[in-house]
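Colleague: Sequence:
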Amino acid sequence: MRWPDADPDERIVPAGFADEAPRGRRYLMLVVVEPGGERGAADGAPAEDDDPEAWVQEMDGRGVRRFGEVLRPPADATFVRRRHGEVLVTDGGFTEAKEWVAGFDLIEVQGGLAEAIEVASKHPMARGGAIELRPLWPFDVHEDHVARTEREAAERGLRLEPAAAEALAEVAR
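Following this note's numbering, the numbering of the sequence shown begins with 2 at its first residue and continues without gaps.
A couple of the hints might just be wrong.
[Said to hold, decoys possible] No farther apart than 20 Å at their CA atoms in a straight line, the calculated lysine to aspartate or glutamate pairs in the EDC-like style are these:
1) K99 with E35
2) K123 with E133
3) K99 with E133
4) K123 with E54
5) K123 with D52
No lab work stands behind these hints: they were computed from the structure.
Kindly produce the complete structure, drawing on both the sequences and the hints.
Modeller: As structure tokens, then:
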């Protein structure tokens with residue numbers, strides 16, 4: 002797959018990262034919560050472990066946290082889909098969802114997945130919610146990302162669910 006407006010000679014990077022080469026492995030940390038669920042958990046950890054600002058300060062101080070934000074609730078979401086050349090827009094989230102993404106952080110670690118897990122485990126929302134870690138792929142306009150996804154799934158002995166395969170095929174069009 003190739004972005005239609007991508008210049009093959011242009012290096013594409015997120016805003017603010019243009020002059021920096023990656024220093025380690027990058028992960029997207031999705032903060033997942035259960036609406037109406039417990040805030041924090043009775044795991045014996047001190048109350049100061051529930052302070053997101055303390056976590057941000059620690060991770061910024063370590064140079065691990067690159068960027069992060071809190072997200073508005075799913076009711077404020079707008080879904081955009083393109084099907085058969087038509088743009089479909091749906092307002093609001095799925096009310097039947099038991100969990101939703103409440104925020105995210107982009108982290109960059111030297112120690113790979115083990116360090117990413119350590120960073121995520123210290124996040125206050127890991128106590129009452131969950132933190133999903135997703136490794137980032139470097140973007141390459143010359144690479145077919147759909148084929149890469151299918152190849153890696155096959156190498157792991159997995160198959161893509163029909164909905165995922167359909168979504169990837171739509172992106173490739």
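Colleague: Looking back at the numbered hints, which does the structure fail to meet, lowest number first?
Modeller: none
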